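Trainee: Mapping of the first sequence onto this note's numbering: residues 17 to 535, in sequence order.
Simulated from the structure, these hints should not be mistaken for laboratory data. Mixed in with the good hints, there may be bad ones.
The following label-pair restraints were derived from C-beta to C-beta distances [to be verified]: (1) Lys364 to Ser467: 30 to 40 Å; (2) Arg236 to Gln169: 32 to 42 Å; (3) Ile216 to Leu393: 28 to 38 Å; (4) Ser467 to His203: 46 to 56 Å; (5) Tyr534 to Leu471: 39 to 49 Å.
Capping the alpha-carbon separation at 27 Å, the derived lysine-lysine pairs in DSSO-like fashion look like this [what the hints assert, rightly or not]: (6) Lys431 to Lys346; (7) Lys306 to Lys120; (8) Lys415 to Lys474; (9) Lys364 to Lys415; (10) Lys304 to Lys431; (11) Lys364 to Lys306; (12) Lys398 to Lys431; (13) Lys494 to Lys474; (14) Lys394 to Lys415; (15) Lys142 to Lys122.
On a predicted model such as this, the values are computed, not experimentally measured, just so you know. Every residue gets a Cβ at the ideal spot worked out from N, C-alpha and C, and that includes glycine.
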Amino acid sequence: MAVMMPTPTRSPCCRSVSHSVIFVPLPRRAELYPARGAGSNRDLRRSSRSHRPCSPPRSGVQSPRERHPRGGLPMIKTIRIENVAQHVGEEVRIQGWLYNRTDKGKLQFLQVRDGSGFVQCVVFKKEVPEEVFEAARRLTQESSLVVTGVVRQDDRAPGVPGGYEIGVTGLEVIQLAQDYPIQPKEHGVDFLMDHRHLWIRSRRQWAVLRVRATVIRAIRDWLDDHGFINMDTPILTPAACEGTTTLFETDYFGEPAYLTQSGQLYNEANIYAFGRVYCFGPTFRAEKSKTRRHLTEFWMVEPEIAFCDLDQLMEIEEQFVSYIVQRCLKERSAELALLGRDTSLLEKVEPPFPRISYDEALEILAEVREQTEDPQLKELLKIEWGEDFGSPHETELTKRFDKPVFVYGYPTIAKAFYMEPWPGRPEITKSVDLLAPEGYGEITGGSERISDPDLLLKRLEEWNLPREAFEWYIDLRKYGSVPHSGFGLGVERTVTWICGLNHLRETIPFPRMLKRVYP
RNA sequence: UCCUCGGUAGCUCAAUUGGUAGAGCGGCCGGCUGUUAACCGGUUGGUUGCAGGUUCGAGUCCUGCCCGAGGAGCCA
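From just these sequences and the hints, can you work out the full model?
Mentor: Next up, the structure:
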């Protein structure tokens, strides 16, 4: 108990986290000190317990078993919760935070998370010293702590992975958190977004962001394993890449510069040096989009391939996207289960994907319009040839397929200036979007690029783009021009689809949206 | 930019025709040896988004503004 309470008599030099700081033993001390007196260990030692000199002395909060018979060194191994199954029967140490607690009188259930997972720690009054039980009873949500205890299998134990719990033998409180604002229950979006820096600790957010990390890892692994080389393209750019969307303007030493909306044009230069490349980074759109599918800052991977036509591009995309999905199913099944994601449709995501033309898509939409009795949907699905799809159109189209579907051959007037015209049909382009199923909509957009310098010049003129700004880009068509293609995949939209979320703001740690730049 | 909905305790929400602002959760105190957002008893907690107006009386009606959400457009 004493260790949990404020210690007003301690040295005033202590500027550590709170009044409830107590001595924290160096984690994995045995591993850190393989040979006594090794000089390099001093830094480690200092950094990991810098507040020790002003901390109160260690008290009886720990089990005697934790001490080494000779030097008092802890012998207990510190583990991460994700590996808990490998330590059944062992006494281990967990370093983390209290996610939730259930007080059953003489029994305390502590839900502890350590970043790698969630595990239930059970404290029986009879089995631990009075101080340990009292410390457990006083724990508040999000208090930081070090728990020691014996791992056991128990089907009743919740957690990620579930089915294992820790019978507590010792407990140290690093900081007793005060009035943590987020409860493990329903909250409003505004409140949660204002507390995004804390919200990411919650189970669902933790699961989503771990899936995101796996999506990113899968993206890099697949590309790196298929002859692509990562080329970072500039974030500060002199002009709009595609000329249309609103960009964020910055002051570049007195000249305007813009935050990038795509690295594609630079990648078209890079392929002539490296063959297959990708850039992967943040992308910015100053559009005043106010929907669940838009961020002003989002992450996009953009592969670009020399000697590649539209058909080859679609083959690459379907293999790429399938790999990402399958990798998540394999490595993040626990997180997807926690999110309640029905993975049966994701399991079907394997090549080949269905392919329909823009014209066929219009026919499908006309059919849906005819069949629907909802006047509002009828109105939303109105579309003239030449217009790009809106989100209601995409939603209806994807409902027809249980895999992602390629829609190719978009009208020239609806797409960017650099897209190769369809042979014999100059009114459409060799472009393709990939629409995710279940209404998730566009996750990639790509095309074969114009390789003929004269046609490119003509397009720049037609789009009223200043030739001077594109001289370097035109150069690429003069020195060994080849057919080439590329696409961009939106990371947040992909994660939203894989996780089965209804808003992409949860797929990035700190979303930037029209009305939100805090925190 | 347009359309729709919303803003009441730290959080999630109630509040009849305009008539004493309430509940659950959280916090605090107590009880409980298998809880899964535990449960039970007690207790704490309010400038009803802001500024005006109507009225004996406004959370409620009117005007203006601010903030947020969903959708459209734009886009990945």
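Trainee: Give me the numbers of the hints this structure contradicts, sorted from smallest to largest.
Mentor: 6, 7, 8 and 11
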